Each structure stands twice: as structure tokens, then as C-alpha cells.
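*Asks:* Kindly generate the complete structure, drawing on both the sequences and the hints.
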Amino acid sequence: MMGPSVPCFFSFVRFVFWFSFIHLAVANHFASSMRPLCHDDERSALLQFKQSFYTDKYTCFNLLDYPKVESWKLEGGNSSSADCCSWDGVKCDEETGHVIKLDLSSSCLFGSINSTTTLFQLVHLQWLSLAYNIFNISEIPAAINNLSRLSHLNLSFSFISGQIPPQLLDLRNLVSLDLSYNSVIQDPGNQKSYLELREPSLQNLVEKLTKLKVLNLDNVLISSPIPHMLANLSLTYLSLQDCGLQGEFPTKIFQLPNLSVLQLSHNSNLTGYLPEFEKTSPLIVLAIGGCGFSGTIPSSLGNLTKLVSLDVSFSSFLGELPISIGNLASLKELILEGYNFSGQISSSILGNLTQLDYLDLSHSHNKFSGQNSSSLSWIAKNTKLKILNLSDLNLVALAVDQIIMNPAPFLSQSAPVSSPMSQSTN
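Residue 6 is where the sequence shown starts when you use the numbering used here, and the numbers rise one by one after that.
No lab work stands behind these hints, which were simulated from the structure alone. Everything numeric in this text was worked out from a predicted model, so none of it was measured. Careful, some of the hints might be misleading.
Claimed, not checked - In silico lysine-lysine, DSS-like type, Cα no more than 27 Å apart, as pairs: (1) 311 x 389; (2) 337 x 391; (3) 284 x 257; (4) 386 x 337; (5) 311 x 284; (6) 311 x 337; (7) 389 x 337; (8) 257 x 218; (9) 78 x 96; (10) 216 x 311; (11) 216 x 106; (12) 218 x 96; (13) 337 x 257; (14) 78 x 106; (15) 216 x 257; (16) 96 x 197; (17) 284 x 213; (18) 62 x 78; (19) 216 x 96; (20) 257 x 213; (21) 218 x 337; (22) 311 x 386; (23) 106 x 213; (24) 311 x 218; (25) 197 x 311; (26) 197 x 62.
Claimed, not checked - What follows is a set of in silico ranges between Cβ atoms, one per label pair, in the way DEER data are often shown: (27) 45 x 252: 46 to 56 Å; (28) 128 x 324: 52 to 62 Å; (29) 334 x 121: 52 to 62 Å; (30) 386 x 237: 28 to 38 Å; (31) 212 x 334: 38 to 48 Å; (32) 62 x 42: 23 to 33 Å; (33) 386 x 327: 13 to 23 Å; (34) 335 x 128: 40 to 50 Å; (35) 347 x 128: 55 to 65 Å; (36) 168 x 278: 29 to 39 Å; (37) 116 x 386: 50 to 60 Å; (38) 75 x 117: 37 to 47 Å; (39) 321 x 168: 24 to 34 Å.
Glycine residues also receive a C-beta, built at the ideal position from the N, C-alpha and C atoms.
*Replies:* What follows is the structure, given as C-alpha cells:
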């Protein structure tokens with residue numbers, strides 16, 4: 006009596022499976038068909054924005070870029086049938102149909118942008134990226150404050166210049182702001198045009214944009230001290246490289262509990278000291294090369310076990326590199342170029358850094374010369390090393406022989422090489 010029930014059971018299971026599958030497919034179909042189309046005024050604003058720019062392969066930054074706006078077309082010439090929510094780079098709210106995200110990064114756009122640009126009619130935008138386009142050294146329009154709902158704004162590598170307008174500080178919901186690398190060399194006279202943050206100042210920005218977690222102002226001309234209240238923000242990413250910063254860097258910023266990236270390189274008038282680092286620090290990138298930091302590097306630097314990149318090049322630190330640097334087992338990039346440390350880098354310090362793929366020891370004032378080449382023998386054992394720069398170091402020949410056993414694709418060693426024999430006869 007049990008036999009016939011088995012096929013009946015499996016038939017029932019198949020029925021339930023197919024019924025559920027068909028029900029889900031039908032539900033998804035109706036859900037997508039019920040999803041609101043984009044609004045007519047926003048579709049029109051996007052099309053006018055497209056028409057105000059020139060797009061061509063010659064205005065692209067690299068081979069992977071393409072003009073996303075080329076897909077912005079009316080279907081059959083009928084404006085009511087064109088759903089801009091399906092256009093490349095455009096995302097709409099599923100309930101209201103308003104455009105909330107516009108990603109036109111690397112879109113080969115060429116032209117000027119100003120307050121009459123129809124982009125600023127998209128008042129429901131929460132996310133905007135215009136990075137890697139050419140905006141003809143335009144200034145950031147005052148109409149930027151129309152986009153008061155923005156939480157993410159990226160205008161990096163966009164060929165914009167001039168003073169950042171005070172209206173940008175009206176964007177109180179900003180969580181992420183990237184205005185990096187917009188300096189442009191102009192002819193005639195090779196004059197450089199910068200994006201500037203002076204009036205308003207960095208202090209004003211920090212006072213107004215209190216929700217910021219990501220701030221990248223690399224290459225923005227600031228020329229002021231870093232406000233201490235920057236340490237009051239819940240930053241996860243802070244990059245202020247090549248900004249003309251002055252004064253002493255607030256130590257508390259190093260110790261922000263969620264800060265994973267801190268980049269301050271190429272601010273020669275920025276001074277300061279490294280604090281004691283806790284084992285709980287989330288730092289994965291620390292770049293202070295070319296700054297005026299001084300004192301000694303604390304042994305607690307070895308507590309930064311998540312660190313992937315460390316740049317202390319051309320700094321004014323004194324003393325030896327702490328042995329604890331050998332604890333940074335995750336380190337992939339180490340830049341000690343032009344570093345005036347005392348003593349030698351030995352295998353006991355750096356031998357544990359087996360993940361290194363980029364190492365720069367150049368211009369370090371002959372700190373690796375001497376009869377004993379063991380201080381560099383560990384490099385030959387590092388199989389992941391891809392780039393090694395030893396420019397202007399006076400190495401003994403044995404050390405160089407050991408190093409070139411390692412198949413690093415790039416080895417820069419421009420200084421004269423002397424052998425142990427020649428050194429002993431001098």
C-alpha cells in the first residue's frame with residue numbers, strides 16, 4: 006500500500022515548485038510594469054544636459070571610457086515612451102520614479118558647466134559623479150545647492166577650477182565628497198589653474214558638513230592649517246595631499262576610531278608628530294611623505310597590523326626604524342625614499358614583510374653601505390616584489406648580486422656599485 010504514495014508525493018512536490026516559480030515570475034512582471042516611469046521634466050533635463058556637451062572618443066580619459074549619454078534617446082521619437090530610469094548611468098527611486106543617482110564618471114563629456122545647466126533641476130539627486138570628464142576649467146556653479154539631498158558628490162579629475170562656492174556648504178547631507186586633482190596647466194605661459202578652498206575655508210567646510218565620512222581634497226589649494234574640529238567627524242577616509250597645508254597636524258585625527266585611509270603627502274609646511282597607535286586602529290593606508298613631520302617613529306607603529314601601504318618618504322624623522330615594523334605582515338607598499346634614518350635596514354626588521362610588491366629605498370643617504378650585505382639579503386627571498394627602487398644607494402656588490410636573483414620586473418639602482426675587495430683596499 007506504500008508504493009503508490011511515493012510517486013504521488015513527488016508529483017505534489019513538482020507541482021508546488023512550478024506553481025511557486027510561475028507565481029514569482031508573474032509577480033516580478035507586474036512589479037516591474039507597475040514601477041513608475043521617470044518624470045517628464047527630469048527626462049527633459051537629462052536630454053538637455055546631454056545636448057550641452059560634446060562627446061567623442063578623443064575626449065575620453067582612457068580606452069575603457071565611453072559616452073554613457075549616447076544611450077539617452079527617445080524610443081521612436083515618442084517622449085512618453087522613453088523611460089530615462091533605464092538609461093545608462095541613471096537610477097530612479099522605485100516608488101516615486103524620481104532620478105536619485107547619476108553616474109556619468111568617465112563619460113567623455115567635453116564642455117562647460119554653469120548654473121543654467123539642466124543637471125541642477127534634478128533636485129531629488131542623492132548621488133552624483135561627474136569624475137573624469139572635461140569641463141573646460143569651469144567653476145563649480147552656485148546652483149549646486151539645488152541638489153540639497155546629495156549624500157555623495159564626486160567631481161574629481163573634471164577640469165574644474167576657481168574658488169569652491171559657499172553654496173556647496175549648503176549640502177548638509179553629504180557623506181562623501183571628492184574634489185581631487187583638478188589643477189590644470191594653461192597656455193600661454195604654462196600657468197596652473199587650481200580648484201581653491203579659501204573663502205569659504207577648510208574650517209568652514211568642516212563646520213557645515215558634519216556628516217562627512219569620506220573627504221578627498223587632493224591637489225585642492227587650501228593653504229591653511231588643518232582645523233582641530235576635523236577630529237570631531239566620523240571619518241573613514243581622509244586625503245589632503247598636495248594642498249599647501251600649514252601648521253601642526255592635529256594628532257587626534259590619527260586616532261579616529263573608523264579612519265582606514267589617511268593621506269597627507271606633499272605638504273612640506275605641514276608639521277607634526279606620530280602618536281602612539283592602538284592595536285585596534287583600522288588604518289590600512291598611511292601616507293605622510295614629503296611633510297614636515299619630525300620626532301621619532303614610535304614602536305607602536307607595529308600595532309597597525311592592517312596596514313597595506315606606508316609612505317614616510319622625505320620626512321624629518323630621527324632615529325632608527327623601529328623593529329616592530331616587521332609586525333606589519335599585510336604591508337604591500339613601503340616608501341622610505343629620502344628618509345634620514347640611522348642604522349641599517351636588516352632582515353630582522355623587514356624580513357617578515359613577505360607581501361611587499363613595491364619597495365622604495367632610494368635617496369636614503371647611503372644607509373645600506375658597508376661590508377656586510379646581509380641587511381638586504383632578505384629582498385632576494387621576497388617572491389612577490391614587483392617594483393624595487395634603490396636609486397642613489399652605494400651598495401656592496403654582493404648585496405646587488407643577491408637582489409637581482411629576485412625576478413622583480415623593475416630594479417632601479419643608479420648609484421655606483423663597489424665590491425668588498427675594492428672597499429678593503431681603500
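*Asks:* Failing hints, ascending?
*Replies:* The structure breaks hints 16, 17, 25, 30 and 38; every other hint is satisfied.
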